[in-house]
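Protein chains: 4
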Amino acid sequence: MAEIKKIGILTGGGDCPGLNAVIRAVVYKAKEYGWDVLGVKYGWKGMLNADASPLEIKDVENILPMGGTILKTSRTNPFKVEGGPEKVLENAKKMGIDCLVAVGGEDTLGVANKLTKMGLNCVGVPKTIDNDLGATDYTFGYQTAVQIASDAIDRLHTTACSHDRVIVCEIMGRHAGWMTVDAGMAGSAHWIFTPEVKGSVEDCCNMLRERRGRGENYAIIAVAEGALFSDFDVEAASRETDAFGHVKLGGVAEALAKEIEKRTRYETRHVVLGHTQRGGTPMAYDRVLGTRLGYKAAEMVKSGQFAMMASLRGENIEAVPIEEAVKELKTVPEKYYNVTKTFFG
Amino acid sequence: MAEIKKIGILTGGGDCPGLNAVIRAVVYKAKEYGWDVLGVKYGWKGMLNADASPLEIKDVENILPMGGTILKTSRTNPFKVEGGPEKVLENAKKMGIDCLVAVGGEDTLGVANKLTKMGLNCVGVPKTIDNDLGATDYTFGYQTAVQIASDAIDRLHTTACSHDRVIVCEIMGRHAGWMTVDAGMAGSAHWIFTPEVKGSVEDCCNMLRERRGRGENYAIIAVAEGALFSDFDVEAASRETDAFGHVKLGGVAEALAKEIEKRTRYETRHVVLGHTQRGGTPMAYDRVLGTRLGYKAAEMVKSGQFAMMASLRGENIEAVPIEEAVKELKTVPEKYYNVTKTFFG
Amino acid sequence: MAEIKKIGILTGGGDCPGLNAVIRAVVYKAKEYGWDVLGVKYGWKGMLNADASPLEIKDVENILPMGGTILKTSRTNPFKVEGGPEKVLENAKKMGIDCLVAVGGEDTLGVANKLTKMGLNCVGVPKTIDNDLGATDYTFGYQTAVQIASDAIDRLHTTACSHDRVIVCEIMGRHAGWMTVDAGMAGSAHWIFTPEVKGSVEDCCNMLRERRGRGENYAIIAVAEGALFSDFDVEAASRETDAFGHVKLGGVAEALAKEIEKRTRYETRHVVLGHTQRGGTPMAYDRVLGTRLGYKAAEMVKSGQFAMMASLRGENIEAVPIEEAVKELKTVPEKYYNVTKTFFG
Amino acid sequence: MAEIKKIGILTGGGDCPGLNAVIRAVVYKAKEYGWDVLGVKYGWKGMLNADASPLEIKDVENILPMGGTILKTSRTNPFKVEGGPEKVLENAKKMGIDCLVAVGGEDTLGVANKLTKMGLNCVGVPKTIDNDLGATDYTFGYQTAVQIASDAIDRLHTTACSHDRVIVCEIMGRHAGWMTVDAGMAGSAHWIFTPEVKGSVEDCCNMLRERRGRGENYAIIAVAEGALFSDFDVEAASRETDAFGHVKLGGVAEALAKEIEKRTRYETRHVVLGHTQRGGTPMAYDRVLGTRLGYKAAEMVKSGQFAMMASLRGENIEAVPIEEAVKELKTVPEKYYNVTKTFFG
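Taken in order, these protein sequences are the chains called S, Y, H and C. Just so we're aligned, residue 1 is where the first sequence starts under UniProt numbering, counting upward by one. Just so we're aligned, residue 1 is where the second sequence starts under UniProt numbering, counting upward by one. Just so we're aligned, residue 1 is where the third sequence starts under UniProt numbering, counting upward by one. Just so we're aligned, residue 1 is where the fourth sequence starts under UniProt numbering, counting upward by one.
Note that these hints are calculated values from the structure, not bench results. Some hints here could point you the wrong way.
Label-pair restraints from in silico Cβ distances [to be verified]: (1) Y:Lys114 x C:Asp233: 53 to 63 Å; (2) Y:Asp59 x H:Asn49: 54 to 64 Å; (3) S:Glu202 x C:Arg214: 33 to 43 Å; (4) Y:Glu202 x C:Glu61: 19 to 29 Å; (5) Y:Asn338 x S:Asn316: 36 to 46 Å; (6) S:Glu202 x Y:Glu32: 30 to 40 Å; (7) Y:Gly83 x H:Gly34: 20 to 30 Å; (8) C:Asp51 x Y:Pro321: 35 to 45 Å; (9) S:Glu202 x H:Ser303: 54 to 64 Å.
Derived lysine-lysine pairs resembling DSBU-like cross-links, with alpha carbons at most 30 Å apart [as the list claims (entries may be wrong)]: (10) Y:Lys302 x S:Lys262; (11) Y:Lys45 x S:Lys258; (12) H:Lys335 x S:Lys341; (13) H:Lys335 x Y:Lys58; (14) Y:Lys335 x Y:Lys114; (15) S:Lys258 x Y:Lys114; (16) H:Lys258 x C:Lys45; (17) S:Lys330 x S:Lys198; (18) H:Lys258 x H:Lys327; (19) S:Lys114 x S:Lys198; (20) H:Lys6 x S:Lys335; (21) Y:Lys335 x C:Lys58; (22) C:Lys302 x Y:Lys335; (23) H:Lys258 x S:Lys335; (24) H:Lys117 x H:Lys258; (25) C:Lys262 x H:Lys80; (26) Y:Lys335 x C:Lys262; (27) S:Lys302 x H:Lys335.
The C-beta atom is built at its ideal place from N, Cα and C for all residues, glycine as well.
Please take these sequences and the hints and turn them into a complete structure.
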């Protein structure tokens, strides 16, 4: 294949702790190979606008502890823009990009996959704070988000206990309950509601009544943003959208707290962790994982493994076809969720 | 005065990191004096119901790192209960309580003050996570809450920046803006709204426009729960109450975020830190302050300084009349708030 | 096989964050099965002394956030005690233990393996803060320790930079460099020394000289306790033993710092993280992993998978023969270490 | 007095969390006044070498969360350099510095005081991580350091307890025990040794024996670097110096641990927190205090309060003569230390 002289790198979709670790690793390894690196701004939008600037070691050497992405991000999808893909290919040629490293989720990787078929060689790095991508064990940023949520639940225990309150804690996860299940398990939540299993509010209330029965007058309920229920219509209350038509963070916890208070008459409060879960410095786990993924992505560029992504498999980072990652959402298996039920109540 | 044989201790009002430090210190010092200690449950409610149990060293030696209060708490005010005060005095006599250490805010301390005049000797320890009590420099728990809010704001910077978003962060404080001002200052917030000074949403929006003008496309706005505005009616949207008639946490941030988005068309999100600010392990500052206050309270019982409370004054813990603490709310002086304005924008 | 009525559980070897998560999960699942559980004290020593007491839900429901082990631990190996194994078998019978869950490292699991062959059914849960056990991807406690070390390195950067100093940071790991490599990678260390690869102090010093050459006057060096060197005899200085004949934590960092200062004349300091790395509350990752492992161990007892241990494999917890785990030390592969070299200097 | 057009700012002595908060606040307020600001490098050394560069808002707007000092620091004292003071005055004139803000400890402030008398107007900001400066309640950086030490002690409890060990934890403080006393109090240390009070190792060992007597087989001992003893000669073992003649961090903990193990035969370990205590991001308390002090320093320059320093007094920041701060070391009052004794054992 053609020799690589210059690569581009972009980050797309929601931000996530560890993105800078990936960027940094790609730049360091690329420089080792003697390549130029272009930092493309705002994900695919930057390819549509040819908005990019060179990245040198000095630009990235100190970014490992930083949350977010120095390249900024957007949800722009060139395939949803008139003549978008052609524009991206044209700009890539103008910029002299021989290969593009795309760091992002299902949407961003899907674009990378299609563009490769159209002639722009892309290598992917999977990113989702929700851990719901296939073909990889864990995604970077996830452990940091789980830790933030788990720390918050730890804090809620003592205040709920001191006041004999029920506190409902809303955790990120619209389509998959990974964060809620792991943070709930780590935080000793007394009940966990997820999008995968339709939960019963009445069963949860009975658990609360039993706890009161044995003198435990408080409880922590972990609920995923997108949790579903078998005996409670949360839709109206919790599915608002903002001025941009995005589904609004928050809503389910408030609705659920009111419902629980109504059914049990126990004083119930709610907390929505929201954006605090995705910002800030990445934990060591995500700094290491992001670094290893970026390093591997550069190796994949070198060896021409296009339309593939760097993926954590057990202890190793492997190259897998992007198709595998995007073909379906990775949700929490019932068997995994059932582990948490042993600790309910 | 009569020799002390047995004391009681209770915690009232909202919980706060460091309450256990106070309880632990009172018990250790009381045992040094050879006194028995009764732990009264649920604040004044426990005195109405004679709900208490003995506290020994073994009960408190490991509670210093624990948030909340092992004695539980409530907002019960005996003076708002038919025959309440008499019942408290009667139970105190039955329980053999020679003196009562009351740890709480304006309301709890006010009760202690009145009861002392009625014959039940009380010593106070001021407690408010909002730092809005007079006659003391800082109250324990406050620094922990400020740290939690400051950490959250740190996290919000990177996600807001990566997405070119404005994020409005709601911080505790219905009547005083201490937490919002200190956490906002510590977190490099770009604007701060408090209950003390009626803020202008339009001035804030102009700041946001100026930031965009110089390419800084994100911002963090810190707003107190009880913030007031000169050009925005937040009341309707943000002053809901729960099934128990308590003013609900949250509301102002959501309303303000919508208003800012409406006026500027900049994508705006909101976060309500809520109960995560008051739970969890106390920071060293509050463990030390709580320990020193509890120790002093026991000394005050010994020396018969009743109707007084232990108070931080510079580097020292002093005994001051409870009246001084409860006579008025300690709000943020304009001069203090003005320091933060230098860093706006 | 015989029906299970009562199981025992013990923790052996060095303590590690997450041990209580395992204990808690074993007890919860065992109670679900209707079994009695005996908590054996101080590892195998407790089996030699028949030192154990029943564990109920109330004993473990709140221990998830606690570091260390509520069962205490020791390094006692019954096979190194005259008539030890027989004594253990005899006591197991006396106590009515149908199966024993042994949580520990190579040594503890090896004992469990041998005892199973002698007639005491054992199930293992692998534990090593050094992550150097085979047949499992990661061990619980490891991520917490890496995070503590990574946080410390983050802190060292700013003080080293402000003073133009070199700081050598000693991290746990006598035989394997996992913690040093991961914490060093996460902490942007400028050089990493491990036990697996004999490092050159002179190469490290040349890196320091190059950094000075481009105006970067500080550096952080991560060194494993058991690091080996090609051009520096660290033995004399850094391999002391305590009054009990155990190799003493610390030593290599101090010796290396002196050597670097001698060779470069750059002001050099050292820090030994020591025991702070193994104590304290487990991170969410280790709470979840420990919980899943303990849950699986109970299932393995139920299904009679003796002389096997619960092991993390990718996303799953599987049962693997203890023999596989103990047959050899899992060290850092050269390929993994080489990733870090890209970031040296 | 002459109108201010340009000011200089420098940081001297050991680094400390919060220095950047001071620098940032001075720059923001100076710009509000319309002044130019010169950032002088490496403390007084930068004045001797005329090593400085302009500071603008963009240079400091994001440094609040950063530990250390962006201006670097040194222990250079111009009065110990031949013709030093004259050189400083000459360079100040050359650089057009109308007033110099000196952030540092006893030594740095003493120089500022003398130089003011010689004609270079200086304003001081007190800095010591040891909290041992007079004329101010607390110094910035101190609370962060105490928190780090307190967190470390929290971690040590569980590992010491799991192994029935005594762990001796060495905390910063050569001449004053503030950090050790506060971190020891916050960390529930079972004994505390400071430089102010000659402690008895035998009394400490008797406490350990009593704890064993009641089945508490572990203990945490907090010891200050410069702790003194009535019945143990620690000098030889713990007062080494490095190649630059600086007293070496560490030593006393190791010597004390060996002595305790020798006397009691209890397994004893030691940890030296060292440089991890002074680096890293400042806590909210220190970010706010540093910001307020820097803001006040700029106001003092404006109002011509030279040879004075900004000082925390209760809730206020006041201007006090530098002489007051440097005239004597602020050590821990016996009354304060005695509070901790109530919790020994």
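Quick rundown of the hints versus the structure:
| no. | hint | verdict |
| --- | --- | --- |
| 1 | Y:Lys114 x C:Asp233: 53 to 63 Å | holds (59 Å) |
| 2 | Y:Asp59 x H:Asn49: 54 to 64 Å | violated (29 Å) |
| 3 | S:Glu202 x C:Arg214: 33 to 43 Å | violated (49 Å) |
| 4 | Y:Glu202 x C:Glu61: 19 to 29 Å | holds (24 Å) |
| 5 | Y:Asn338 x S:Asn316: 36 to 46 Å | violated (57 Å) |
| 6 | S:Glu202 x Y:Glu32: 30 to 40 Å | violated (52 Å) |
| 7 | Y:Gly83 x H:Gly34: 20 to 30 Å | violated (51 Å) |
| 8 | C:Asp51 x Y:Pro321: 35 to 45 Å | violated (56 Å) |
| 9 | S:Glu202 x H:Ser303: 54 to 64 Å | violated (34 Å) |
| 10 | Y:Lys302 x S:Lys262 | violated (48 Å) |
| 11 | Y:Lys45 x S:Lys258 | holds (26 Å) |
| 12 | H:Lys335 x S:Lys341 | violated (41 Å) |
| 13 | H:Lys335 x Y:Lys58 | violated (53 Å) |
| 14 | Y:Lys335 x Y:Lys114 | violated (35 Å) |
| 15 | S:Lys258 x Y:Lys114 | violated (37 Å) |
| 16 | H:Lys258 x C:Lys45 | holds (26 Å) |
| 17 | S:Lys330 x S:Lys198 | holds (17 Å) |
| 18 | H:Lys258 x H:Lys327 | violated (38 Å) |
| 19 | S:Lys114 x S:Lys198 | violated (35 Å) |
| 20 | H:Lys6 x S:Lys335 | holds (26 Å) |
| 21 | Y:Lys335 x C:Lys58 | holds (26 Å) |
| 22 | C:Lys302 x Y:Lys335 | holds (17 Å) |
| 23 | H:Lys258 x S:Lys335 | violated (55 Å) |
| 24 | H:Lys117 x H:Lys258 | violated (51 Å) |
| 25 | C:Lys262 x H:Lys80 | holds (26 Å) |
| 26 | Y:Lys335 x C:Lys262 | violated (59 Å) |
| 27 | S:Lys302 x H:Lys335 | holds (17 Å) |
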